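K.L.:
Given the coordinates of chain A, work out where chain B should sit on it, guided by the hints.
As they're listed, the protein sequences go chains A and B.
Going by my numbering, the first residue of the first sequence is number 2, and it counts up by one from there.
Going by my numbering, the first residue of the second sequence is number 15, and it counts up by one from there.
It is worth saying that the hints were derived from the structure and are not from the lab.
Just so it is clear, the structure is predicted and the values come from calculations on it, not from any experiment.
One thing to keep in mind: the hints can contain errors.
Just a few of them, taken from the derived set where beta-carbon distance is under 10 Å, the chain A residues facing chain B [as the list claims (entries may be wrong)]:
| # | residue |
| --- | --- |
| 1 | Glu8 |
| 2 | Glu31 |
| 3 | His47 |
| 4 | Val116 |
| 5 | Val120 |
| 6 | Val137 |
| 7 | Pro151 |
Virtual Cβ for every residue (Gly too), placed ideally from N, Cα, C.
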Amino acid sequence: MELASLEQLAEQYGGVLYAFCNQLTGSRQEGEELYQETFLKAVELHRQIDAAQNPKGFLVAVAARLWCNRRRKYAWRQRIAPMGQWDEQEEQQPTQTYCNNPEELALQLEQRRLVRQAVSELPDKWKLPVYMYYTVGLSIEEIASLLRIPTGTVKSRLYKAREVLKEKLEVSWNEK
Amino acid sequence: MKNDEKLDDLLRRSLQAEKTGPVPSAQIQRETIEKMKERYTMLSEKTRKSLCLTVLGAALVVAVPAGALAAWQLLSPAQIAHELQDNALEKAFASEEALFINQSVRSGGYRITLLGLVSGAVCSEYVPSDVELGQDRLYAAVAIENADGSPMPDVSSEEYGEKTFLVTPLIQGQLPWQVNIFTMGGGYGEFVQNGIQYRLVECGDVTAFADRNVWLAVTDEFSISNGTFLYDEATGNLSENPNARGVNVLFKLPLDTADADKAKAEQLLQQWMGDDADWEYDAEAAAAHKEQYQSIIREGKMQEHKLLEQTADGSWWYFYGDGGEMELLPENVQDLANGAVYTDNQIIMDDTENWQAVLLGRDEQGHLYGELYVLPKTAQEKDENKENIMSISIGGEQSQ
Chain A
2 MELASLEQLA EQYGGVLYAF CNQLTGSRQE GEELYQETFL KAVELHRQID
52 AAQNPKGFLV AVAARLWCNR RRKYAWRQRI APMGQWDEQE EQQPTQTYCN
102 NPEELALQLE QRRLVRQAVS ELPDKWKLPV YMYYTVGLSI EEIASLLRIP
152 TGTVKSRLYK AREVLKEKLE VSWNEK
Chain B
15 MKNDEKLDDL LRRSLQAEKT GPVPSAQIQR ETIEKMKERY TMLSEKTRKS
65 LCLTVLGAAL VVAVPAGALA AWQLLSPAQI AHELQDNALE KAFASEEALF
115 INQSVRSGGY RITLLGLVSG AVCSEYVPSD VELGQDRLYA AVAIENADGS
165 PMPDVSSEEY GEKTFLVTPL IQGQLPWQVN IFTMGGGYGE FVQNGIQYRL
215 VECGDVTAFA DRNVWLAVTD EFSISNGTFL YDEATGNLSE NPNARGVNVL
265 FKLPLDTADA DKAKAEQLLQ QWMGDDADWE YDAEAAAAHK EQYQSIIREG
315 KMQEHKLLEQ TADGSWWYFY GDGGEMELLP ENVQDLANGA VYTDNQIIMD
365 DTENWQAVLL GRDEQGHLYG ELYVLPKTAQ EKDENKENIM SISIGGEQSQ
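Isolated chain A (complex conformation) (with noise of 0.2 Å):
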C-alpha cells in the first residue's frame, strides 16, 4: 500500500482507532501517542497492508500489539510522569436520540463514565476483546483473526468480562 492509500486509511478510520487508542490506554497523552504510533508503524508494514483485506481490523491489531508490547516501558514512563487523564469534556455528546433534556445528558454522561471506569478496571486480557468488540465493532471472528486465539477464547473472555461488569454495574444498568 502507498503513503497516499495510507493517508486515506488515516481519514477513513482515525476517529475509529483514535478512541480505540483512548479507551485502551485510557488517557489522551498516552492515547495520542498510540494512535501516531499505529499509523508509523502501518508505515512500516506498509506492504502488508491490503485495503480488500479489513484494513480496520489490522490497524486495529498493530495498536493493541504495539500497547502490550510496550506496557512495561509505558508502565515506567507512566510513573515518571503521569499522564493526564481523558478529558471527559472533549468527547462527542451522546446522539440526539439519546439527548432530550439536560437532566438526562448528564445522567447519560454519568453512566457512560462509570460504564468506561468499569471496563478500564478489568484484567487487559478481557478488556482488549471488549474494546475491539464494542468500541471498534469487530466481529468475534475478526477479533480472533487478529489476536491469534481461538474464537472460543474470545468469547469465554467477552463472557466473563460482562459477568464481571455486569455485577460491577448493577445499578447503572438497571436503572435503563
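P.N.:
Leaving out everything else, chain B in the frame of chain A:
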C-alpha cells in the same frame, strides 16, 4: 429486554467509537500525516543506506577482531538514552561522570553486555513522581543479544516480551529478594534495534554502598527468589547459580570505595526495606489460602474433569465452567510427572453462593487434565463477601 441484552446495549452505547468516542483533533491528524510522510521517506533512504553499510561492514569484519567488533557494533549508553528520547540522560552518559564498562557474558543462550553506568542527582528528564529533586539515582545501560547471532524479536513482533529479563542491582549483605530494583523504586525503558535488545535501567543510587560488593544482576526469572542467585550467609556475597536453567549473570560494579557513605546507605536501606514491607511474603495468609484451597478440593464436589487443550503456541488451556480458562505454560508442565498435580497455581474463586477451586494435573497415562471443584459457602461467608470475584495465587501474582 433481557438483562444480558440490556448490558450489551449499555456497553455498545458507552463504548462505541462512532457515537461516543473522541475524535482526533485536526492538529493531531496533521501531525500524524506529516510524521507518516517523514517515516516513509526515511524508510526509502534507510533501504538505500543499509545496502552501503552491509558492504562496508563486510570489509571491516575481516580486519577487526571478534571481541572488538562486538563492543563496536553495540549502541553506546548515550545513544540508548537518545533513542529513548531522554536528552538529559544522554548528556549525563556523555559526561565524564559516566562509567563505561562494555563487559559481555554469555548465559542461558544470550550474550548480555553491561555497557555503562551513570549516577547522581536525577539525571533523567523523566523524574518519578515519588523521587524528590536532588535525590541520587542510578542509570545502567545493558544490551541483550541472542548468543547464536539471530536477532532478538522486534518490539512490534508477536514474540517480543515472551522472554522476559530482570535487570537489578544487588548489594552484598542484603538479601536479594528484599533489596532489588522493585524495592529501589526502579523502572526501565527498552527497545530493539538491529536485532539487539537495549535496556536502560533506573533506580535508587547504590554508590553509598561502595565499600561493599555491588552487582548488576540479570536473570530471565520474573522475580528474585532465594534460588536465583546463591547468597552466602557468612559473607553476604552473591554468586551466580550454576544450576540455573536460564540467564544468570552478575556484573560486579566498579564503584569507588571513596564514595561509600555508611549513614546514607543505612538511610537508603530503611527507605527501601520500608517500602518492602508491603511486598513481604505473608506466610500466615499463604498458609490460610492453601488450607482453604485444599478444603475446597477435599470437601467440595468435583463438577467436571476435562483434558487440557494445547494451542499453537505450546500452552495448555483448561476451559472450565461457563467461560473460565486457565493457562499452563510449556515450562509449567515439562516437569509434571504422571500422576502428579500442579501445585504452583492454587486458585480460589467465589461467587455469592459457592467457592470454586481448579485442580490441574497429569494422569497416569500422561494426559494433562483440569478439574473444577465447588463448595457451597456458609451463611457467614455469604455475608462477608458479596462484592468480590477474587482469585489469589500462592507464589504468583494476584489477579482478578
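K.L.:
Run every hint past the structure and note whether it holds.
P.N.:
Now the hints, each set against the structure:
1. A hinted interface residue such as Glu8 (chain A) counts as satisfied when its beta carbon comes closer than 10 Å to some beta carbon of chain B; here the least separation is about 6 Å, so the hint holds.
2. For Glu31 (chain A), the interface hint is violated, since its Cβ never comes within 10 Å of a Cβ in chain B; the closest pair sits about 13 Å apart.
3. Residue-level restraint check for His47 (chain A) holds (minimum Cβ-Cβ distance to chain B is 8 Å; threshold 10 Å).
4. Checking Val116 (chain A) against chain B by beta carbon gives a least distance of about 4 Å; that is within 10 Å, so the hint holds.
5. At about 7 Å, the closest approach between the beta carbon of Val120 (chain A) and any beta carbon in chain B falls short of 10 Å, and the interface hint on this residue holds.
6. At about 6 Å, the closest approach between the beta carbon of Val137 (chain A) and any beta carbon in chain B falls short of 10 Å, and the interface hint on this residue holds.
7. Annotation: Pro151 (chain A) was flagged as interfacial toward chain B, and the flag holds, the nearest CB pair being 7 Å apart, inside 10 Å.
Hint compliance for this structure: hint 2 alone is broken.
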